[in-house]
Amino acid sequence: METLGYLIDGFGVALAPHNLMFALLGAFLGTLIGALPGLGPANGVAILIPLAFTLGLAPETALIMLTSVYAGAMYGGRISSILLNIPGDEPAMMTCLDGYPMAQQGKAAEALAISAIASFMGSLIATVGLILLAPILADFALTFGPAEYFALFLLAFATLGGITGKNPVKTVVAACLGLMIATMGIDNTGVQRYTFGVLELYEGVDFIIAIVGLFAISELLFFIEEKAGGGKEKMAVNKLSLSWAEIRGIMPSSIRGGVLGFIAGVLPGAGASLGSFIGYTLEKKMVGSKGYFGKGDPRGVAGPEAGNNGASSGALVPMLTLGVPGSGTTAVLLALLISMNITPGPLMFTQNADIVWGVIAALLIGNFLLLVLNIPLVGIFVRLLSVPPKYLLPIVTMIAFVGIYSISNTTFDLYFMVAFGVAGYVLRKLEIPLVPVILGLLLGPEMEKNLRHALDISGGDWSVLWNSGLAIGLWVFAGLGLILPYLVGPLLRRRMKVAAGSGGPEGD
Amino acid sequence: MPKTTPLKLFAIAALTVSAGAAQAFEPQGRVECIAPADPGGGWDFTCRSVGNVLEALDLVPASVQTINMAGAGGGVAFAHTVSRRAGNEQLLVAASTATTTRLAQGQFPGMTADMVNWIGALGADYGVIAVATDSEYDDLPELMAALDEDPRSVKFAGGSAKGGWDHLKVLIAAQAAGVDELPRIPYLSYNNGGEAMTQVVGGHVDAFTGDITEAQGFLESGDLRVLAVLSEERLPGEFADIPTAREQGIDALGPNWRGFYMPAEISEDARQYWIDAMDTLYASQEWQDVMTNNGLMPFHMSAGEFERFVTEQIAEIQQLSQDIGLVQ
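First to last, the protein sequences are chains A and B.
Each residue of the first sequence is one higher than the one before, counting from 1 in full-length UniProt numbering.
Each residue of the second sequence is one higher than the one before, counting from 1 in full-length UniProt numbering.
Derived by calculation from the structure, the hints in this document are not laboratory data.
Positions of the beta carbon are idealized from the N, C-alpha and C atoms, including for glycine.
Each hint should be verified, as a subset may be incorrect.
Claimed, not checked - If you want a taste of the chain A side facing chain B, the calculated C-beta under 7 Å gives, among others: (1) T189; (2) L199; (3) T343.
Unchecked claim - Pairs of lysine to aspartate or glutamate residues, derived as EDC-like cross-links and limited to a Cα-Cα distance of at most 16 Å, are as follows: (4) A/K429 x A/E226; (5) B/K155 x B/E195; (6) A/K170 x A/E431; (7) A/K390 x A/E226; (8) B/K155 x A/E431; (9) A/K429 x A/E225; (10) B/K162 x A/E448; (11) B/K162 x B/D323; (12) B/K155 x B/D114; (13) B/K162 x A/E431; (14) B/K162 x A/E203; (15) A/K390 x A/E225; (16) B/K162 x A/D456; (17) B/K162 x B/E136; (18) B/K155 x B/E142.
As the list claims (entries may be wrong) - A short, non-exhaustive set of chain B residues, derived as facing chain A with CB atoms under 8 Å: (19) E195; (20) V201; (21) H204.
Bound conformation, chain A alone (with noise of 0.2 Å):
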């Protein structure tokens, strides 16, 4: 079992006193800021970003961090869901049926802990499908030349606005402005395009700016216009009375919803928010009559949880074995990973072996630390819930300034995010999604890359792009991940609106 052996190396690695305390830090931050309505995963891992190169971490530390940040976020949405009734992202809108009646009920704790136990089972099970799936995935990878590459970079594309997405037009154009940006700089025979002559543009656009400035400062200057200086309204949480028995009771409900989550996760577009849908409506459909899902059964807690968490955990599948991101916050992830000299891909699991099986190791350990910390201190982060933004996001503000700054040392970073910031609110406004735009610019370069590699190979013949059977089968699911939304996307988003109440903000 080389695996074992990675895996206790990583362990090594994850339980090493400054990694685990970063650890802890990033599970916390991360249900802290998946708590928040309205700031997704997505936005957390980037918000979150600049703190890793303010404080200068290694880059095994940095990931540990954000990896549990990102585990974080996924246990946090369902804080809000449960007691508000609002989603604190789109996938824990499911949660929202059955956990908010719980809560009515007078048993808001049974339904957080009960979430958090589905959590906890969801991205374990995820965790050991990671373990299990990447490295033969990796393995596989190697089969991939340029055009197979080309075409699932395509395939990332066809799938990005998902199921789930609301505006199919609005997801190409996003697309397309990152592609566009993705252009800038240095092409790699030496031609300068849009550099206008200036030095800092040669390399193009930097992710982590764009990133940072269009998640961390669009958030802010939308602050600004709400003026929204006060907090949630204080929330009171009964004493939590959970027996071994209803813990029994939700386990099958746990594990089939972490095992559809995963699998949704893997599948490139789909996505949390679609295996959290699945992991409800499974669960409606198993229990059948003997349930009372939309009343307050526990069932319908635990199900959606596993599901979405299992799912999260199933995104960085595909990100870690191909460098494809499953997911907008996986593709947040790559960008750091990218910036910080190491390559997804096969060659990772070799070459930067300590740092991907530390990370997986992070993942198992974090979940534990949230396990724990969600269930006896769930008080804390209901009551965090309540502290006005105005005191949060200047701090948020601050971290982003020093972290870029840090980066590389330069003011024409800092005006680079800012002029983001605004690019990014201006965006949000028109409501385009500000993920497929991250996604283009990150993906824009490669697929521009392996398009040029495929053409040279074969001397200009375009049929190179689709003469292996792999590249025929990612063309034909590129095909379908277009057209399905279209087909597929009406009915499924309608059922979860009726199912939902309202929508959700923009999630994964």
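Chain A is fixed; fit chain B onto it per the hints.
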């Protein structure tokens, strides 16, 4: 630039220092080292490892602070050094063959090598040309013969841009082997050597061009076979069985050196101090250990010799780039 100052004068200056003359330069307070790239790359490593050894040898008063200043493949840092740091005697900037390549191809617009002080080189990573283990090519001449017959028959993958150092190594070798039509040899550029090797090992591209340390992992796993190393003599240690291009009758050299430049307009004393410091560092056991642990091969030049080497390398790369039509 005092290229003509006789070495004897330096020797006398050094003697007076040891005799206790007070006016000689010694760094005070903070010493900075600019790594013209993000953390994690080769320049970052050069700054940090040299900084540590300088500190261990008490050649600097306190620690050496590494500043990452990425942009334009080192161009931002070069421009910064030229325009903002002239006369700063406590600033080192990491450089390598990538720096000279870009200078030669005019990618730092309006800037030339003589705008800074080249202090010294402290080691090198040598170029290799490698193929997958199951490749049909057994040695470099065989590969070159195939290229001579049809320049498009062998496709190369490397970690630098087109016209970058990895691409140039192929051209240097092909030119030495007498291949015509250099511009027609296909070169695919990847983000780094690792990605390029994956494509070679996966059978999508025919040959890999890069540095020996990059190839180490795949060499150990047995997936990659190095046809030739572009060094003067065989490399020490575990690389001793790899033949050089020279011994196969192809006179091609490709050292990717690592070294430093400093701003212009610094005093002669300061310049000499840093040149001596680099010599002392290179001779130290601490640095030799760093080199062994990180796959750096012996390569040392300082002051005038290094400056001449840089000028010559730039001229050579310029010529080659013109030949293949990369620059006019």
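Each hint, compared with the structure:
no.	hint	verdict
1	T189	holds, 5 Å
2	L199	holds, 5 Å
3	T343	holds, 6 Å
4	A/K429 x A/E226	holds, 13 Å
5	B/K155 x B/E195	holds, 15 Å
6	A/K170 x A/E431	holds, 8 Å
7	A/K390 x A/E226	holds, 11 Å
8	B/K155 x A/E431	violated, 46 Å
9	A/K429 x A/E225	holds, 12 Å
10	B/K162 x A/E448	holds, 14 Å
11	B/K162 x B/D323	holds, 14 Å
12	B/K155 x B/D114	violated, 36 Å
13	B/K162 x A/E431	violated, 40 Å
14	B/K162 x A/E203	holds, 15 Å
15	A/K390 x A/E225	holds, 12 Å
16	B/K162 x A/D456	holds, 12 Å
17	B/K162 x B/E136	violated, 25 Å
18	B/K155 x B/E142	holds, 14 Å
19	E195	holds, 6 Å
20	V201	holds, 7 Å
21	H204	holds, 4 Å
Violated hints, in rising order: 8, 12, 13, 17; the structure is consistent with all others.
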